[in-house]
Each structure stands twice: as C-alpha cells, then as structure tokens.
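**Q** The primary structure of each chain is shown beneath.
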Amino acid sequence: MIPLSSYLAVSSVLFVTGLIGVLIRRNFIIILMSVEIMLNAANLNLVAFSSYLDSMTGQIVALFIIAIAAGEAAVGLAIIIVVFRGKIATNVDQINLLKW
Amino acid sequence: MVQQIFFYYLAVASIASAVMTVGLRNPVHCGLALLSLLFHIAGFFILLNAEFLAAVQIIIYAGAILVLYLFVLMLLNLKTEERFLHRRYAFWLFFGLLAAGQAFLLLLRSPFAGKPGDVTPEKITQFGHSHTIGIVLFNEYFLPFEIVGVFLLGAIIGAIVLAKDRPPVAGKEEASR
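Chains as they are written, first to last, in the numbering used here: chain A, 1 to 100; chain B, 1 to 177.
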C-alpha cells in the first residue's frame, strides 16, 4: 500500500515546478501551461485525499477544477491572440504598455 | 508490489515531464511534454480508484485543452527564441525555491488526517466509479454543477468576443468606443 504522503510529495513537486515555470519563463503560452501543471498538482492532491479518506467530495472538486481549467485556457489563449495581433509578441517582458 | 512499481514509474515520469514542460526551449515540445504529464496524472487517478476522473482527464485535458494550446501555438507560428527565460529569472527562481522549501516544511509537519467518509473502495468497485460520483454530483453538488455550466458559457462568450476580428471603423466611431 502506497502511503498518502508519497502522493502529496509528488503533487507538491509538480506544483513547485509549475510555480517556477510561471516565474521564470518568458513566453505567455508556456506560462499558461505551467498554470495547468499547478492545477494538475492540486487535482492529484484532492483525489489522493478523497481516496484515502473514503469521501467523494475531493473528486467532485477535481472535476470542477478541470472545467475551470478549460475556461481559463480558452480565455487566456484568446487574450494571447488579441495581444499578438496588435504587437507581434507573446513574451511577457515585451507586453509592458500598461506599466507607464 | 505491482502498485508500487506503477506508482514509482508514474511519479518519476510525471515529474520529468513537468520539468521538461518548464525547461524545454521549443514551445511545441513543451506542449508535448505537458501531454505526457496529463497522461501520467490520469494513471495516478486510476491508481487511486478514480476511473471516471482518469477518463475525464484524458478526454478534456489531453483531448480538448491541450489541442487548444497546440492549435494556438501553430496559429501564431512562434519560432524558437534564443532567450527563452525571463530577464531576471535568477531572482524569481530564488523565490520559487523558497516556496518549494516552504511546501516541504509544511509537508513534513502535517498530520494528514481527517474525518473519513462512507464511500469505501468496496462500494466503488461494487457500483462502479461513474455511478458513485454521479450520485454525489447530482444530489449534493447540483448547484455548483449548474454554476460551472454558466461559467463555461461565460468563458465561451468571452473567448469569442475577445478573439473576434473587429472590422475597421472610420475615425469618430472608433474614438467613441
């Protein structure tokens, strides 16, 4: 039997990897992908707890998170397309018009 | 024993593909590494007796969301850049590693316990996972389910409105908008 803490260790490593990806990458699309890694880590955590505590609630929340991730991807990619059309750049350090 | 071998394979492969997603240079390669990560997370779900979630993970994440990402990557036709990290990435990497340390401290200190529910693995194998999750979803969590439906509608409308090509309008009307 695999202990619960192994699952938590894997999911925290995944979460931190996603966080570092958000912080260090330049490309906005890769940043959104890193956010997906973080959401997946949270999902793994929720499902692991739900399975070990014999409760269905965590898996329901994981299902909702998948739906929210779909919406986030759609709106985020639409924003990228709009920005790219005006400025021909998807790098976050070149999108700085609001920083004046 | 088989479970443990499966678990360690999934753990190593998912962490490796996460690191590749963050670290690879070509954005399309990053997307493919993300695909591998999503499949391995689905493997974890199967290991945790959540077959329905594993199927949803593959259909929605790998089938819809990732295809959306790859579609946009190819639509924008991004070339591989010489400098793919942020200008001050060392600074931010420091804070990321600080957060990692914090997460591991919390992981070591947590008791990992809670009030157990009544959905035992025997019940799940008896009725099937989609039956069990469906009963709970449509009884106790029906209102959140509907709210997620409305949220998805809003996301669809928002994405269409944002990405729509506005026809060019002459001076005054452009300014008044």
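Think of the hints as simulated: they come from the structure by calculation, not from any bench.
The structure presented is a predicted model; accordingly, all values stated were derived computationally and were not measured.
Glycine included, every Cβ here is placed at the ideal spot set by N, Cα and C.
Among these hints, one or two may not hold up.
Label pairs and their computed distance ranges (CB to CB) [what the hints assert, rightly or not]:
no., chain 1, residue 1, chain 2, residue 2, range
1, A, Ser5, B, Ile157, 28 to 36 Å
2, A, Asn96, B, Lys115, 21 to 29 Å
3, A, Asn96, B, Gly128, 32 to 40 Å
4, A, Ser6, B, Gly149, 19 to 27 Å
5, B, Leu32, A, Gly86, 22 to 30 Å
6, B, Val67, A, Ser5, 29 to 37 Å
**Q** Indicate, hint by hint, whether the structure satisfies it.
**A** Against the structure, the hints come out as follows:
1. The hinted window of 28 to 36 Å between Ser5 (chain A) and Ile157 (chain B) is violated, with their beta carbons roughly 43 Å apart.
2. The given range of 21 to 29 Å is broken by Asn96 (chain A) and Lys115 (chain B), whose C-beta atoms sit roughly 49 Å from each other.
3. Between Asn96 (chain A) and Gly128 (chain B) the C-beta distance comes to about 53 Å, which lies outside the given range of 32 to 40 Å.
4. For the hinted restraint 19 to 27 Å between Ser6 (chain A) and Gly149 (chain B), the CB-CB distance of approximately 35 Å leaves it violated.
5. For the hinted restraint 22 to 30 Å between Leu32 (chain B) and Gly86 (chain A), the CB-CB distance of approximately 29 Å keeps it satisfied.
6. The given range of 29 to 37 Å is respected by Val67 (chain B) and Ser5 (chain A), whose C-beta atoms sit roughly 35 Å from each other.
Hints 1, 2, 3 and 4 from the list above are not met by this structure, while the remaining hints are.
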